[in-house]
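Engineer: With the sequences and hints as input, model every part of the structure.
Residue numbers (the working numbering), protein chains in the order written: chain A, 125 to 264; chain W, 125 to 264.
Zero decoy hints are in this set.
A pair counts as met if it fits within one copy or between any two copies, since identical chains are not told apart.
In the DSSO-like style, the derived pairs of lysine-lysine whose C-alpha atoms are separated by at most 30 Å in a straight line are:
(1) K195 / K132
(2) K129 / K248
(3) K210 / K129
(4) K132 / K250
(5) K182 / K195
For the record, the hints were derived by calculation from the structure and aren't laboratory data. All values reported here derive from a predicted model rather than from experimental measurement.
2 protein chains.
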Amino acid sequence: MTAAKARKRKAADAAWSVVDAIAFDANGLVPAIAQQFDTGEVLMMAWMNRDAVAETLKTGRVCYWSRSRNKLWRKGETSGQVQTLKDFRWDCDADAVLLLVDQTGVACHTGRRNCFFNAVRDGKPKVIADVETDPTDLYG
Amino acid sequence: MTAAKARKRKAADAAWSVVDAIAFDANGLVPAIAQQFDTGEVLMMAWMNRDAVAETLKTGRVCYWSRSRNKLWRKGETSGQVQTLKDFRWDCDADAVLLLVDQTGVACHTGRRNCFFNAVRDGKPKVIADVETDPTDLYG
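Structural biologist: Written out as structure tokens, the structure is:
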């Protein structure tokens with residue numbers, strides 16, 4: 125076996141040992157938080173199934189499960205705004221995942237850097253982040 | 125109306141306007157990520173229902189919904205490890221919440237600072253954080 129093949133097999137073995145450690149819910153999903161690894165910014169929350177977890181760990185590119193499209197969602201496949209995996213963590217109950225990532229461009233489909241741009245200001249809901257990239261440039 | 129009463133009413137109005145903005149799931153819940161407001165550390169992920177969101181916004185103390193105990197879970201009520209709310213945010217689809225908090229002590233019931241202490245090292249699952257507080261001191 126070549127060194128490259130050995131690395132690939134090791135990554136695959138690690139991937140499935142993590143999949144087996146995760147407590148997926150009744151729908152076979154686990155919530156996954158994506159956090160920018162160096163700044164600590166929480167970028168988004170999405171869902172993963174077994175295949176999404178395994179693919180993410182094997183490729184080093186974050187892959188979610190799209191509940192609306194009912195298929196694997198390789199983040200950035202259409203928009204180019206990929207997430208490179210820096211570290212994969214899961215919590216005490218194994219029912220939530222924290223992805224430390226390096227986000228290319230913006231994480232949010234609205235063109236904002238992160239998805240959590242709604243807050244309360246002066247007693248009312250308010251959008252607190254600007255659009256950085258025109259969404260039609262991402263998906264047009 | 126006194127100034128204190130006016131503030132309280134304003135907080136209550138704001139709380140319910142946020143509750144109405146959130147897209148709770150079929151079980152009436154929304155996932156909530158707690159992040160330490162000044163360091164960016166992701167502490168935990170739990171769930172909130174309408175009452176938990178409203179109480180958190182009205183009191184400034186984080187309250188979740190416990191799915192295992194099927195009741196409101198005032199974080200720190202037993203352990204003393206409360207979370208003071210610094211900012212309440214929600215995402216583009218309004219189906220995830222980000223709580224910026226000031227965590228007293230440790231967030232995790234295992235006595236670790238945060239719940240995401242499982243990672244992959246050298247191809248195998250590994251616990252990467254130490255217990256800081258004996259759990260029997262928290263719940264004993």
